[in-house]
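Enquirer: Take a look at the letters that make up each chain.
2 protein chains.
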Amino acid sequence: MLSAEIIAVGSELLTPERTDTNSLWLTEKLMDIGVEVKLKTIVGDDEARLEETIRDALKRSDIVITTGGLGPTEDDVTRTVSARAAGREVVYHEELEAHLRERFRLWGREMPETNKRQAYVIEGAEILPNPNGSAVGMLLNDGGKFLVVLPGPPREMQPMFEDHVLGELKAVSGKISVVRRVLRVSGYGESALDELISPIYKSYPSIQTSILFNRSEIEVHLSSSAGTDSESAAIIEELVGKLVGVLGPAMFAKNGETMEEVVGKLLKDRNETLSVAESCTGGLIAMRLTDVSGSSSYLMEGVVAYSNDAKKRTLDVPDETLASHGAVSSQTAEAMADGMRRRAGTDYAISVTGIAGPDGGTDEKPVGTVYIGYADADGTRFLHMTIPGDRYLIRWRSSQAALDYLRRRILKKQ
Amino acid sequence: MLSAEIIAVGSELLTPERTDTNSLWLTEKLMDIGVEVKLKTIVGDDEARLEETIRDALKRSDIVITTGGLGPTEDDVTRTVSARAAGREVVYHEELEAHLRERFRLWGREMPETNKRQAYVIEGAEILPNPNGSAVGMLLNDGGKFLVVLPGPPREMQPMFEDHVLGELKAVSGKISVVRRVLRVSGYGESALDELISPIYKSYPSIQTSILFNRSEIEVHLSSSAGTDSESAAIIEELVGKLVGVLGPAMFAKNGETMEEVVGKLLKDRNETLSVAESCTGGLIAMRLTDVSGSSSYLMEGVVAYSNDAKKRTLDVPDETLASHGAVSSQTAEAMADGMRRRAGTDYAISVTGIAGPDGGTDEKPVGTVYIGYADADGTRFLHMTIPGDRYLIRWRSSQAALDYLRRRILKKQ
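Protein sequence lines, in the order shown, are assigned to chains F and X.
If you're matching positions, the first sequence starts at 40 in this note's numbering and goes up one per residue.
If you're matching positions, the second sequence starts at 40 in this note's numbering and goes up one per residue.
For the record, the hints were derived by calculation from the structure and aren't laboratory data.
C-beta: ideal position from N, C-alpha, C; glycine also.
Where hints are given, some of them may not hold.
Here are the simulated lysine-lysine pairs, DSS-like style, with alpha carbons at most 27 Å apart [unchecked claim]: (1) F:Lys68 - F:Lys209; (2) F:Lys281 - F:Lys451; (3) F:Lys307 - F:Lys452; (4) F:Lys351 - X:Lys307; (5) X:Lys351 - F:Lys307; (6) F:Lys404 - F:Lys293; (7) X:Lys155 - X:Lys68; (8) X:Lys98 - F:Lys98; (9) F:Lys351 - X:Lys184; (10) X:Lys241 - F:Lys155; (11) F:Lys241 - F:Lys68.
Residues from chain F that keep clear of chain X, each with C-beta distances beyond 12 Å, as calculated [to be verified]: (12) Gly49; (13) Glu133; (14) Leu135; (15) His203; (16) Ala210; (17) Ser242; (18) Ala273; (19) Glu317; (20) Ser335; (21) Arg434.
Please construct the entire structure, taking both the sequences and the accompanying hints into account.
Expert: Quick look at the structure:
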C-alpha cells in the first residue's frame with residue numbers, strides 16, 4: 040500500500056482559531072484509491088521548517104501533497120521552497136503570465152506585478168490548471184515519488200486534485216477497491232444508537248463501521264474493501280437494510296444526503312410546496328433549504344418574524360395569543376405556521392420560536408426552550424423541546440428539528 | 040521569542056472524520072505566555088515516523104509537546120518512542136504502579152497487566168499527575184529544551200497542562216507580551232490590498248503582519264511583542280491609524296468584528312432599525328444578522344421572497360416591474376427594499392435578488408448576476424455586481440456585499 044504525507048502551509052493554520060481541513064478531504068480521496076496517509080504536518084510561512092518538512096516527507100513516503108502558500112504575496116513561499124526541497128529550480132512560464140493577465144483583464148482589473156510570481160513552476164513538474172483561482176498547481180514525478188503542490192482554498196484545491204491528480208495516483212497505487220456509505224440518523228444519542236446497532240454491524244466484520252456525532256445528527260460511516268466494488272456494495276447494502284429495519288424513519292439519509300436535501304427531495308417527488316416562519320432561527324431554515332439548487336420549485340416563501348409586530352403583521356398571529364402565552368409558546372408556534380401557510384398558499388408550513396440565548400431565559404422558559412409549529416391542510420401541530428448548547432448550537436439544532444419534524448409528518452402521509 | 044512544536048499522536052487522527060483539536064487549545068495557551076507555535080504534526084501509531092518527528096522537533100524548537108498515545112495498549116507508543124527520541128531510557132516507578140492498582144481497586148476492578156506499562160517514565164523527567172485518567176504526563180527539561188508528553192483526552196490534557204506545565208514554561212519564556220489585532224477590509228482583492236498597504240506596514244518591522252483572504256473579505260493580522268503590552272498596543276494603534284488613513288471605510292473592523300456585528304453596532308448606536316428582503320440569498324443575511332446576540336433590538340423582520348408571488352404578495356413588487364425587467368433586475372431589487380421597508384416600518388431595508396446558480400443563468404444575466412437594493416427615508420438605490428464562485432460563494436458574497444452596502448450608506452449619513 041502506498042504511503043502519503045500531507046503538508047498544510049500557512050501561518051494562519053497555526054493560530055488558535057483556524058485548523059487545516061483540506062487534509063481530511065484529501066485523506067478520504069486517498070483512501071479510496073488505496074493510499075494510506077501516514078503523517079500530516081501544518082507549517083507556517085517559515086522557509087527553513089517547510090523545506091525540511093517537505094524533504095523529510097519525500098524521504099519517508101511515496102506521495103507528498105502540500106496545500107496552500109501559492110498566493111501572490113511574499114508570504115507565499117511554497118512554490119520556491121518545494122522546488123528547493125526536491126532539488127529543483129523554478130522556471131518562468133510566459134504563457135502562465137499571459138493567462139493571469141487575461142484573467143485580471145476579464146475582471147476589469149490590471150494584474151498587480153506581485154502576481155507575476157505565480158508564473159513560476161518547479162522544473163520538470165506538470166502544471167495543474169486552476170479554473171477557480173490564479174495559482175496553478177504542480178505535480179512532480181521524481182523517479183516514482185510524487186510531489187503534489189496544490190493551492191489552499193478548498194474550491195480551488197478539490198477540483199484540481201480530482202481532475203488532474205487522482206487518476207495519476209490511482210494508476211500507480213494499483214487500486215484496492217474501497218466502497219463507502221454514510222448514513223445519517225436523527226433522534227438518537229451516540230451511545231444509545233451504538234448500543235442498538237452494534238450487535239448488527241459487528242456481525243459484518245468485513246465492514247468497517249464508525250459512529251460520529253455531528254452537531255445534531257449521528258453519522259454512521261461504513262466502508263468495505265473485502266472484494267470487488269460490487270461485492271463490497273452488496274454486503275454494505277445488506278447491512279444498511281438491517282439497520283433500516285431497526286431504525287425505521289430515524290435513518291433519514293442512506294447516501295450521505297443532508298436533511299435539507301432529503302426534505303427537498305420529498306417535496307419535489309410529491310410536487311408539494313413549503314413556506315417557513317422563523318423567529319429564533321432567524322432565517323437559518325430558509326437558508327439551508329435554499330442552499331439546495333432547484334429549491335425554488337418547492338420553497339415559496341420565508342418570513343423572519345423576529346419582532347412581535349412582525350409576527351402579528353405578516354403572520355397574523357393574534358394579539359391575544361402573544362399576550363396570554365408569550366412569543367415563545369406552542370400557541371404562537373402553531374399560529375405562526377398557520378399564518379405562514381395561509382399567506383403563501385403552500386401545502387406545508389413550519390415555524391420555530393424559542394430562546395437561543397445567551398440572554399432571555401427565565402426559570403419557566405430557560406435558554407434552549409424551543410417550540411416548532413407545523414401546518415398542513417388538516418390543521419396545526421407543535422413540538423416542544425429543550426435544546427442544550429450555545430446560541431449557535433441551539434439555532435442549528437432547532438433548524439434540524441424543524442426540518443426533521445416536517446419530514447416525519449410527510450412520511451406519515453405516504 | 041521561544042518556539043514550540045506540537046505533535047498529536049494517534050492513527051484515528053489520520054482518518055477523514057477526525058482532526059486534532061488539542062493543538063488549538065495549546066496554541067492559545069502558549070501564545071498567551073509569548074511562545075510561538077511554529078509547526079504541528081499529526082502522526083499515527085508508527086514508531087519510526089514518530090521518533091523522527093520528535094527528534095527533528097527537538098532540534099528545531101525550544102519546546103516540543105506531544106499529545107496522545109499514552110494509553111495501556113500496544114498501540115500506545117509515545118512513552119517509549121519519546122524517550123528514545125530524547126536519547127533516554129524509560130524507568131519503572133513502583134509508586135506509579137501502586138497508584139494505578141489503587142485507582143482500579145476504587146473502580147471495583149482489577150488492574151489489567153497491560154496497564155503496568157503506564158508506570159514507566161522517561162529517565163529524568165518530571166512526572167505530571169493525572170487526576171482524570173490513568174496515564175501520567177512527563178516534562179523533560181533537557182538543557183533548556185523542553186519535551187512535554189501529555190495524554191490525548193482533552194479533559195486529562197488540559198488540567199495537566201494548566202496545573203503543571205504552563206507555570207514552568209512561563210518562567211523560562213520570560214513572558215514576552217504579545218498583542219494581536221485583526222483588521223477586516225471589504226472591496227479589495229488580496230494582492231491589490233497588499234500592494235497598497237505593504238509600504239506602510241513594512242515601515243513597522245516590529246509588527247508581524249499577515250494578509251489572509253477569507254471568502255469575501257481580507258483579514259490583516261497584526262501582532263507585536265516589541266515591548267510591554269501597552270507599548271505594543273500603542274505601536275499597533277499607530278499602524279492601524281495609518282492604514283485607516285489609506286483605506287477609509289473599506290476597513291470595516293478594527294478589532295476582528297464580523298460584518299454583521301459591525302452593522303449591528305452601527306444600528307444599535309444610532310437607535311435605528313432594519314428589515315431584509317432576500318431572494319437568492321434565501322435567508323442568509325437574516326441568519327447572519329440574528330447570529331449576533333441582541334439583534335432583536337434592530338432587526339425587525341425578514342422576508343425570503345423566493346417566488347415571484349411572494350415578491351408581489353409580501354413585498355408589493357408591482358406586476359409590471361417583474362414583467363418588464365424580470366425578477367433579477369435593479370428595479371425589482373429596489374422595489375423589494377422599498378416594499379420591505381414600508382411593511383416593517385424600519386429605518387432601513389436591504390434586498391438581494393440574483394442568480395446563484397448552477398442553473399438559471401443566461402447570456403444577458405449569467406450566474407453570479409446580483410442586484411442589491413437599499414431603501415431609507417430618502418428613497419431607494421441599488422448596486423449591481425457580477426460575483427465569481429459557486430452557489431455557496433455567490434450567496435455568501437452577496438450577503439456580505441449587501442451588508443457592506445448598508446454599512447457604507449449609514450456611514451455617509453454620519
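Enquirer: Decide, hint by hint, whether the structure agrees.
Expert: Outcome of the hint check:
Among the hinted pairs, F:Lys68 with F:Lys209 is consistent with the structure: their alpha-carbon atoms are about 10 Å apart, no more than 27 Å. A threshold of 27 Å between alpha carbons decides the hint, and for F:Lys281 with F:Lys451 the separation of about 21 Å falls inside it, so the pair holds. For the given pair, F:Lys307 sits about 15 Å from F:Lys452 by alpha-carbon distance, which is consistent with the 27 Å threshold. For the given pair, F:Lys351 sits about 24 Å from X:Lys307 by alpha-carbon distance, which is consistent with the 27 Å threshold.
Using a Cα cut-off of 27 Å, the hinted pair X:Lys351 and F:Lys307 holds, with the two alpha carbons roughly 24 Å apart. This hinted pair does not check out: F:Lys404 and F:Lys293 have alpha carbons roughly 36 Å apart, beyond 27 Å. Restraint check for X:Lys155 and X:Lys68: the C-alpha separation of about 32 Å exceeds 27 Å, so the hint is violated. At most 27 Å may separate the alpha-carbon atoms for a hinted pair to count; X:Lys98 and F:Lys98 meet this at roughly 18 Å.
Taking the CA atoms of F:Lys351 and X:Lys184, the gap is near 67 Å; set against the 27 Å cutoff, the hint is violated. Restraint check for X:Lys241 and F:Lys155: the C-alpha separation of about 21 Å stays at or below 27 Å, so the hint holds. A C-alpha spacing of about 26 Å is found between F:Lys241 and F:Lys68, which places the hinted pair at or below 27 Å, so the restraint holds. Here F:Gly49 does not stay apart from chain X, with its beta-carbon only about 8 Å from theirs, under the 12 Å limit.
For F:Glu133, the non-interface assignment is confirmed: its Cβ lies about 20 Å from the closest Cβ of chain X, beyond the 12 Å cut-off. At roughly 16 Å from the closest C-beta of chain X, the C-beta of F:Leu135 stays outside 12 Å, upholding its exclusion from the interface. The Cβ of F:His203 lies farther than 12 Å from every Cβ of chain X, with a closest approach of about 19 Å, so its non-interface assignment holds. The claim that F:Ala210 lies off the interface holds: its Cβ sits roughly 22 Å from the closest Cβ of chain X, which is beyond the 12 Å cut-off.
Residue placement check: F:Ser242 keeps its beta carbon more than 12 Å from all beta carbons of chain X (closest about 23 Å). Residue-level check passed: F:Ala273 sits 23 Å from the nearest beta carbon of chain X, beyond 12 Å. At roughly 8 Å, the least C-beta separation between F:Glu317 and chain X is not larger than 12 Å, which violates its mark as non-interface. With a least CB separation of 6 Å from chain X, F:Ser335 falls inside the 12 Å interface cut-off, contrary to its annotation.
Annotated as non-interface, F:Arg434 brings its C-beta within 12 Å of a C-beta of chain X; the closest such distance is 8 Å.
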